[in-house]
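Student: Protein chains in written order, with numbering that gives the first Met the number 0: chain X, 0 to 486; chain H, 0 to 101; chain C, 0 to 486.
Everything labelled a hint here was simulated from the structure, so no lab data went into it.
Note that the structure is predicted; figures quoted are calculated from it, not measured.
A few of these clues could be false.
[Claimed, not checked] Quick list of in silico lysine-lysine cross-link-like pairs, DSS-like style, CA-CA up to 27 Å:
#: 1; chain 1: C; residue 1: K465; chain 2: C; residue 2: K391
#: 2; chain 1: C; residue 1: K246; chain 2: C; residue 2: K395
#: 3; chain 1: X; residue 1: K440; chain 2: X; residue 2: K416
#: 4; chain 1: H; residue 1: K90; chain 2: C; residue 2: K92
#: 5; chain 1: X; residue 1: K450; chain 2: X; residue 2: K474
#: 6; chain 1: X; residue 1: K483; chain 2: X; residue 2: K440
#: 7; chain 1: C; residue 1: K414; chain 2: C; residue 2: K285
#: 8; chain 1: C; residue 1: K395; chain 2: C; residue 2: K414
#: 9; chain 1: X; residue 1: K217; chain 2: X; residue 2: K131
#: 10; chain 1: H; residue 1: K41; chain 2: C; residue 2: K380
#: 11; chain 1: X; residue 1: K421; chain 2: X; residue 2: K453
#: 12; chain 1: H; residue 1: K41; chain 2: X; residue 2: K131
#: 13; chain 1: X; residue 1: K474; chain 2: X; residue 2: K416
#: 14; chain 1: C; residue 1: K410; chain 2: C; residue 2: K448
#: 15; chain 1: X; residue 1: K210; chain 2: X; residue 2: K189
#: 16; chain 1: H; residue 1: K41; chain 2: C; residue 2: K414
#: 17; chain 1: C; residue 1: K285; chain 2: C; residue 2: K138
#: 18; chain 1: X; residue 1: K453; chain 2: X; residue 2: K483
#: 19; chain 1: C; residue 1: K254; chain 2: C; residue 2: K395
#: 20; chain 1: X; residue 1: K364; chain 2: H; residue 2: K41
#: 21; chain 1: C; residue 1: K246; chain 2: C; residue 2: K391
#: 22; chain 1: X; residue 1: K131; chain 2: X; residue 2: K189
#: 23; chain 1: X; residue 1: K76; chain 2: C; residue 2: K380
#: 24; chain 1: C; residue 1: K410; chain 2: C; residue 2: K395
#: 25; chain 1: H; residue 1: K93; chain 2: C; residue 2: K92
#: 26; chain 1: C; residue 1: K92; chain 2: C; residue 2: K138
#: 27; chain 1: X; residue 1: K483; chain 2: H; residue 2: K90
#: 28; chain 1: X; residue 1: K217; chain 2: H; residue 2: K90
#: 29; chain 1: X; residue 1: K416; chain 2: X; residue 2: K453
#: 30; chain 1: X; residue 1: K421; chain 2: X; residue 2: K450
#: 31; chain 1: C; residue 1: K246; chain 2: H; residue 2: K41
#: 32; chain 1: H; residue 1: K41; chain 2: X; residue 2: K189
#: 33; chain 1: H; residue 1: K93; chain 2: X; residue 2: K217
#: 34; chain 1: X; residue 1: K54; chain 2: X; residue 2: K117
#: 35; chain 1: C; residue 1: K395; chain 2: C; residue 2: K465
#: 36; chain 1: X; residue 1: K131; chain 2: X; residue 2: K54
The primary structure of each chain is shown beneath.
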Amino acid sequence: MSLNYNIIVGLEIHVQLATRTKMFCGCELEFGQPPNTRVCPVCLGMPGALPVMNKAAVEAAILTGLALNCTISRFTKWDRKSYYYPDLPKNYQISQYDLPLAENGYIEIPLEDGTSKKIRIRRAHLEEDAGKNTHTLGNFSAVDLNRAGTPLLEIVTEPDLNSPSEVRQLAQELQRIVRYLGVSEADMQKGHMRFEPNVNLHITQDGQVFKTPITEVKNLNSFRALERSIACEVNRQLDEFLATGKTLQIGNKSTYGWDDVNQMTVLQREKEEAHDYRYFPDPDLVPVAVSDEWLSRIASRLGELPLAMQQRFVRDYGLSDYDAQVLTAEKSTAVFFDAAVRCGAQPKRICNLLTQTGLKLANEKQTTVDALGISPGRLAALANMVEAGQISATSATVIFETMTQTDEDPAQIAEQKNLLQKNDAGEIEALIEQVIWENQKAVSDAKSNPKKAKKAMGFLMGQVIQKSKGQANPKIVAELLNRKLMA
Amino acid sequence: MNHQIDRQLVERAALLSRLELSESEIAQFSTQLSAIVEYIEKINTLHTEHVEPLAHCLPVHNVLRADEPRGSLSNAEALANAPDTIDGYFKVPKILDDNSGA
Amino acid sequence: MSDFQTALELRDAIAAQHCSSTQAVQQMLNRIEQVDPTVGAYLSIFADRAIQDAKRIDQKIAAGQPVGPLAGVPVAVKDNLCTTFGTTTCGSKMLEHFVAPYNAHVIERLQAADAIIIGKTNLDEFAMGSSTENSALRKTVNPWDSSRVAGGSSGGSAAAVAAGLCAASLGSDTGGSIRQPASFCGVTGLKPTYGRVSRYGLITYGSSLDQIGPLTRDTADAALLMNIIAGHDSRDSTSASESIAVKPDYLADLKQPINGLRIAVVPTLNAGAEASVQNAIEEALKVYQSLGAERIEITMPHFDYAIAAYYVIATAEASSNLARFDGVHYGYRSPNAGNYIEVYSKSRDEGFGPEVKRRIMLGTFALSSGYYDAYYVKALKVRNLIRQDFVKAFEKADCLMLPVSPTTAFKIGEKTDDPLQMYLADIYTIAVNLAGLPGLSVPCGFDAKNLPIGLQIITNAFTEDKLLRIGQMYQSVTDWHKRNLPL
Ligand SMILES: [Mg+2]
Ligand SMILES: [Zn+2]
């Protein structure tokens, strides 16, 4: 018996847009407020209250659509999706049905092997979020409508994802994109990004292809849960197929939840309920027409996207893929890095300074590297001092830290702190002579004992630098020492 | 198309619109809605292949609001008409299923 | 009481200090106490509040301070307009104790005009009906004959004006709900162009059809009220901005007759009305012809489909608009609900009356999968055809004249068992809402039973100024609108 399978995953992603106010009313969006205090007649669904569309939400959605290489609808409208649930005060959700704002795009995701893959985007539309039902221990549920009316961008991919890690890569790449665009904080813990994967397997058994029933997984609140839930579903579906032979049929889509404690998917709903959402155009709202002029004004805010930037850093700056990825994780870091390089410094030096010192400091201060108080020009100067051997890497860290506190350039600081390296060959040569005289055993090991040569050489180096009180440029020491011993 | 609004259709519409109708209401609505729908059928005698649906008479689009806060109600105001509340929340009998659809 | 004053007359008398607002309001309250137990026009009366407001206005006038255009004049508003004072019931058990957290736009405008809101008037539950018999809270009768209906759904507003229980009132019109009761009660009623008056705070029935308008003693009062309530409101996306239609001064040129007025009539349509109504319309047309108007006979080929299209569109929108009344966030909650689903289904079954449920059911059906295209989309296409009929009519004529209703006020209980017969009586008013046009009802005679008959005048969108002038031409040479009740 031969059996192999392909994993087929499509994602539905809800991204909360970082507008100041809600989608159809002037209530402020603030996380963690007391219940039902960021509500008004409109978002409470009070009788007679009417929605008015937030322009910033439309623009954020269009911007994201453009970043996802979508076609932007030039004419779109708002539809009502009807269903009854206590967190939905009007008992309909204002959404977009047949004319989504964006369609037919793709997202390019980096894969673990350094290549990339295009995942098609079917559509992206705007809709309002529901409130929150809290299920208590008591015999009742409590409803908070602070979140009701929050603008969401719902993004639907084609089922182009073929492994748990691809799904995680897509999720992370999307997070990076929306943060670059500034359209969402994309904080998973605050529920700013919610993923609902649709998973099934195409199993080839004895030359015949079987498709397992599609399951939708809900309640995923971290990238790890997302990745693991798919791995779980793969195993579960495979087992189920082998045990029952059940295959995909219309209507047998079931819903699973993610149990984070037991790290497993749990059946929630066997069959897709006979939903009839009765979509129809919302008569309280008017359509949106996107003109060329408006579209190009929004497009001008696009800027370079993270993956393109990452690839450019590898291609033009000779960075490793890993370094480029670290630098482009946050837009502020990437832009700051790029600016420093453009000030005329060696990219790898800047990269090291930023990744080894800058990010650590920023993290400690809970800020971003561009907000540490150092200009890209000074960072470039610091990198150039390291490059020229004027200071050691260790000193560079000290100077970096000092630069965040004072308004002095790195050379000044190096001088004040006496961190400038000795590059004077004559002075260093004298020290070397002294060390050779004092360490005859090591010298002979370095010269003629292949087993111990490397260690002996290191020892001698250390002695010279110690005698210089750490100020001798190691590069020059190594060079001169080598020449002496070979002589 | 000729749609007799039978009991099944009435029950389905009642379920979708969350109306727990009594037996007599179901019977009455079957009769009345059948007569109304039969009358409404006359629109299907018109040829409208080249007619655009007119959802709205106002020729306007792009009514958009600046993203500026306008103030909210206090918790007490928000809950003033609520049939039941608890600790600043709307209170409902326990929700056991997950029918959130957003 | 003889010779009820118009709002304009009363305003001028108060401004000239011939009488005080306090006196006027007190007289009105006395009359309400005396007459309203029989008429049943009001659902709530704000006696203390009204007297307080009146005293404040009197003080302002006495101090020579500037006052608004309705200063001190007692007015009534339909109880589907949200007010922070008193309840806003919509004539429904569902909202019997509902206190709105905000004022409707028109309420703000009335208050800014220094009008005294003395009470809120009865209506068919959620404005669904043509007789006010569907109110769950009170019975309203026709002041001309207490065995007959006042019309609906703004029956309370019409009866209040007719019986001299307010100087003027506001109603709402979705399919004739201002014009038909105005006609039945012998008062002037104007349904403005869709978008002319903000719907913010009007409890929605059919969002794309609803408009608020005045019910008054004559066209001058209607013009006065339009000056106050019309105009753009940024809280209603469907409110017309100045760029679509400038708001004129409706009172300014009111007395200027229109030279060379061309009146379109549809003989086949008029033939559907009872003889007394047909005769009164013919006589009214003769009056216009004597004033130099030209009569042009036209056809309206799709008028006959208006009721069918209307009962699909209005109920579809209503089924969604009324979904919010669920016993969760406000309004009636059934004490018999065991679980949260029953909170919905029992509260709605017990809280809504039969006509509301019937329309919710019909609208739900029209939007449900399998029927959406055949009913809802088809009705929207028919709506377009009806609008095109009007466009063609206004190429030939300045206005269209036809009856408001095929009959005068019918007996209470006469049509309650046959909803379809009740719907069919809306034949003359409904097309105007579908096309979003302004329509005016002016008294034009009495039948043999001494019941008022109304003439309906329709003009192009956003030409209420012209429409009111056409009405004024008639009222300047007739006195039907000045006839007093046989009390
Ligand atoms: Mg959605
Ligand atoms: Zn709000």
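Student: All hints are to be evaluated individually against the structure, with a verdict given for each.
Tutor: Here is how each hint holds up against the structure:
1. Restraint check for C/K465 and C/K391: satisfied, since their Cα atoms lie roughly 18 Å apart, inside the 27 Å limit.
2. Restraint check for C/K246 and C/K395: satisfied, since their Cα atoms lie roughly 25 Å apart, inside the 27 Å limit.
3. Of the pairs offered as hints, the one joining X/K440 and X/K416 is violated, with about 36 Å between alpha carbons and a cut-off of 27 Å exceeded.
4. Distance restraint check for H/K90 and C/K92: the Cα-Cα separation of roughly 21 Å lies within the 27 Å cut-off, and the hinted pair is therefore satisfied.
5. This hinted pair checks out: X/K450 and X/K474 have alpha carbons roughly 23 Å apart, not beyond 27 Å.
6. Among the hinted pairs, X/K483 with X/K440 is consistent with the structure: their alpha-carbon atoms are about 15 Å apart, no more than 27 Å.
7. A hinted pair counts as satisfied when its Cα atoms are at most 27 Å apart, and C/K414 with C/K285 does not qualify at roughly 33 Å.
8. For the suggested pair C/K395 and C/K414, the alpha carbons sit about 38 Å apart, so the restraint of at most 27 Å is broken.
9. The suggested pairing of X/K217 with X/K131 holds, with an alpha-carbon distance near 15 Å, which does not exceed 27 Å.
10. Of the pairs offered as hints, the one joining H/K41 and C/K380 holds, with about 13 Å between alpha carbons and a cut-off of 27 Å not exceeded.
11. Distance check on the hinted pair: X/K421 and X/K453 sit about 24 Å apart at the alpha-carbon level, within 27 Å; holds.
12. Between H/K41 and X/K131 the CA atoms are separated by roughly 45 Å; this puts the pair beyond 27 Å, and the hint is violated.
13. For a cut-off of 27 Å, the pair hint linking X/K474 to X/K416 stands: about 21 Å separates their Cα positions.
14. Proposed proximity of C/K410 and C/K448 is supported: the alpha carbons are some 12 Å apart, at most 27 Å.
15. At roughly 36 Å between alpha-carbon atoms, X/K210 and X/K189 are farther apart than 27 Å, so this suggested pair is violated.
16. For the suggested pair H/K41 and C/K414, the alpha carbons sit about 23 Å apart, so the restraint of at most 27 Å is met.
17. Using a Cα cut-off of 27 Å, the hinted pair C/K285 and C/K138 is violated, with the two alpha carbons roughly 38 Å apart.
18. For the suggested pair X/K453 and X/K483, the alpha carbons sit about 15 Å apart, so the restraint of at most 27 Å is met.
19. With a C-alpha separation of about 24 Å, the suggested pair C/K254 and C/K395 falls inside the 27 Å cut-off, and the hint holds.
20. Distance check on the hinted pair: X/K364 and H/K41 sit about 72 Å apart at the alpha-carbon level, beyond 27 Å; violated.
21. For the proposed pair C/K246 and C/K391, the alpha carbon gap of about 25 Å is at most 27 Å, so the pair holds.
22. Pair hint X/K131 plus X/K189 holds up; C-alpha atoms about 13 Å apart against a cutoff of 27 Å.
23. Between the alpha carbons of X/K76 and C/K380 the distance comes to roughly 18 Å, so the proposed pair stays at or under 27 Å and holds.
24. Between C/K410 and C/K395, the direct Cα distance comes to roughly 39 Å. Violation of the 27 Å bound is thereby established for this hinted pair.
25. Under the criterion of a C-alpha separation no larger than 27 Å, the hint pairing H/K93 with C/K92 is consistent with the structure, at around 25 Å.
26. With a C-alpha separation of about 14 Å, the suggested pair C/K92 and C/K138 falls inside the 27 Å cut-off, and the hint holds.
27. A hinted pair counts as satisfied when its Cα atoms are at most 27 Å apart, and X/K483 with H/K90 does not qualify at roughly 86 Å.
28. Only pairs whose Cα atoms come within 27 Å are accepted, and X/K217 paired with H/K90 is accepted, the gap being roughly 25 Å.
29. Restraint check for X/K416 and X/K453: the C-alpha separation of about 33 Å exceeds 27 Å, so the hint is violated.
30. For the hint linking X/K421 to X/K450, the alpha-carbon distance of about 31 Å lies beyond 27 Å, and the restraint is violated.
31. About 39 Å separates the Cα atoms of C/K246 and H/K41, which puts this hinted pair outside 27 Å; it is violated.
32. For the suggested pair H/K41 and X/K189, the alpha carbons sit about 53 Å apart, so the restraint of at most 27 Å is broken.
33. With a CA separation close to 20 Å, the supplied pair H/K93 and X/K217 stays within the 27 Å bound.
34. Of the pairs offered as hints, the one joining X/K54 and X/K117 is violated, with about 30 Å between alpha carbons and a cut-off of 27 Å exceeded.
35. A C-alpha spacing of about 16 Å is found between C/K395 and C/K465, which places the hinted pair at or below 27 Å, so the restraint holds.
36. A threshold of 27 Å between alpha carbons decides the hint, and for X/K131 with X/K54 the separation of about 25 Å falls inside it, so the pair holds.
In summary, the numbered hints that this structure violates are 3, 7, 8, 12, 15, 17, 20, 24, 27, 29, 30, 31, 32 and 34.
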